[in-house]
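Got chain C; can you put chain R on it based on the hints?
Protein chains in written order, with our numbering: chain C, 1 to 370; chain R, 371 to 740.
Just so you know, these hints were derived from the structure itself, not from any lab.
It cannot be assumed that every hint is accurate.
DEER-style ranges, computed between Cβ atoms [claimed, not checked]:
(1) R/Ala690 with C/Arg236: 44 to 50 angstroms
(2) C/Arg236 with R/Pro677: 50 to 56 angstroms
(3) R/Met459 with C/Asp322: 31 to 37 angstroms
(4) C/Arg318 with R/Arg447: 20 to 26 angstroms
(5) R/Pro677 with C/Asp176: 52 to 58 angstroms
(6) R/Arg440 with C/Ser369: 19 to 25 angstroms
(7) C/Met89 with R/Val648: 45 to 51 angstroms
(8) C/Pro78 with R/Lys737: 30 to 36 angstroms
(9) C/Glu327 with R/Arg440: 33 to 39 angstroms
(10) C/Pro288 with R/Val648: 46 to 52 angstroms
(11) R/Arg457 with C/Gln225: 54 to 60 angstroms
(12) R/Cys449 with C/Asp322: 38 to 44 angstroms
(13) C/Met89 with R/Ala461: 37 to 43 angstroms
We treat Cβ as the ideally placed atom computed from N, Cα and C, and that holds for glycine.
There are 2 protein chains.
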Amino acid sequence: MKPLADIFHSAEARAHSETDEYSRDEVRLANRNSGALLETLGLDVTPTGTHYLLTHFDVPLLDAGAHELRFHGRFARPCTLTLDEIRAMPAETLPVTMECAGNGRAGVAPRSRSQPWIYEAVGTSEWTGTPLAPLIETAGPLADTVEISFTGADRGFDAGHLHAFGRSLTLQQLADLDVLLVYAMNGQPLLPQHGAPLRIIVPGWYGMASVKWLTDIEALAAPYQGYQQVKTYQFRDTREDVGRPITEIRVKSLMVPPGVPDWLTRARYVQAGRVDLVGRAWSGGGVPVARVEVGVGDDWFDAELEPSPGRYAWAKWRFAWDAAPGEHRLRCRATDANGAVQPLDAPWDVSGFANNAAQVVDVLVVKPSG
Amino acid sequence: MKPLADIFHSAEARAHSETDEYSRDEVRLANRNSGALLETLGLDVTPTGTHYLLTHFDVPLLDAGAHELRFHGRFARPCTLTLDEIRAMPAETLPVTMECAGNGRAGVAPRSRSQPWIYEAVGTSEWTGTPLAPLIETAGPLADTVEISFTGADRGFDAGHLHAFGRSLTLQQLADLDVLLVYAMNGQPLLPQHGAPLRIIVPGWYGMASVKWLTDIEALAAPYQGYQQVKTYQFRDTREDVGRPITEIRVKSLMVPPGVPDWLTRARYVQAGRVDLVGRAWSGGGVPVARVEVGVGDDWFDAELEPSPGRYAWAKWRFAWDAAPGEHRLRCRATDANGAVQPLDAPWDVSGFANNAAQVVDVLVVKPSG
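Next comes chain C alone, as it looks inside the complex:
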């Protein structure tokens, strides 16, 4: 381990790995941050407790009764709201598919050493809260306001910078997005690890925008310079690249791996014959999924697509596969209503963000026994 002073006092860029071997730091993050269980993708709502979690720092354990949300900065009417006051406002429940911007990072080579997601960092929950836009309007951004920032109670270091997790949205984005100020998830109060007692949900965007443990909403006369806004969560072709902000989720799909798994490799073992493949597909910005194809080796077939349970929620798909004995590589790829289609190979990004390459599931099909 390098001297701690180096960790906390130097702004060294994230190392890359050229190999498919992972460091203890990456494994520690993988144990701590939890991915969805692909076998539950048949369900509209990810079972509580299995929605993916990416926690930058420590989960703050906040007192809901004492919690306050402060509106300050360039607001005409700065104010402070309690949880009870927010709960008394018009409530809305929205099923939202959320995905971590780092999902698929382990598939991008060379790999940025960070949380090494493979496919798992996605989930859908029913989020309950009150629409944020009317609250911002009530607080009244002054004429010089360009952005609204959102700050959580979670604090720590990233590449030598001590900061609280924060993000911002422009006034235009706030007008366009159905941002919810959320206090419940799947009909229960928010769990500590999901941002209790208060967070925002920015539907259609990658998860970094949906700030947890929300304490501050600030109106700003200049673009927000928070670390998680300007330093991370940017697409970069090279380390020197100035970066392009990560926003809407890219079109993607996943399947429930068929048959039964091998413990260590998670490879699949399937009885020959008709196999009902099912999975999910989603895109960002409220754009519907238009098509899902299933790949069996090099052949692609159209899957049957069900209506999505909500504008921002994933759609279910099905495909009846006639599985012949042998080894098969299954894949799935979605196309959205804008014509965006999943690539077969990982798109390049220095930090491994937004890898929406088609999932690969290797399957051994055997003759039915008995």
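Quick look at chain R alone, frame taken from chain C:
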């Protein structure tokens, strides 16, 4: 990737790694299996959804309404019980600290390639169910019965063996242990990933004994030969070793890492002055923890120990540390009422089971700012 046929058709032993680099298989498991968040160790009950999860195969999504538990084999009165019938029986709620037998595996060198837990595979929940022993008695094991086996609905391969997850207990163990037949966790119906609709909890033992998705209870006239009983979950000094069954949890303790973390390394940054360290300590078999010591470098200090919230639940401890600027290595170690004490170095086991070595937390202490 090796040919799938090799994965499913050969009983190759788990590979060892001599390095601190991890394979994609290990990372896939680490993403999928989720560890507790150490910052929540101050709480008696692990927040729902953050209790550690080790899922051997796929989570089965079972229909609670149609679920049946079959008592069969060498019972005088074989029977089948529905969930409603079990819920109508005398109910008991027990706080139980559960730990995965593989917890700490990543600290054992050379490392067995499997789920690479560091410290996280432990949690405490309040489990509600009905005591199992009276049900076994009602079913009436015949005179030749030596063991009772418990089988779940989860199936898959391990080292070439296709099997449903199953474990057994002897009649004597059943008489000695407060085994609960469980349908609720923290006051809510069991979640799918925790064994819904029905599981057992074997308090004081490592987690492998607490079979999830329970479908079958069988009385056996010969020792159970299930894969997860005789092939895995055995202590072995060498691969050729016949093995000694893993049973009760070894004495252990963990601390909430103080201060704030660095994202990538999880190293800690602390302001100098009084730091209130808190953590948990537990042992197996209902044996209370007698002492917890906190190590600061090579110096050890006694922590203050609170009464445990239950015979099988972890105890909270506290230690006021006067933190001086500089780099410090913090550790904690517990001693139980039987005099068992945590080692400072990982005990050897071929599969990396039951590593109860003292936790190490590296901390940079800085002069208070402002």
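Out of the numbered hints, which ones does the structure contradict? Hints 3, 4 and 7 contradicted; others consistent.
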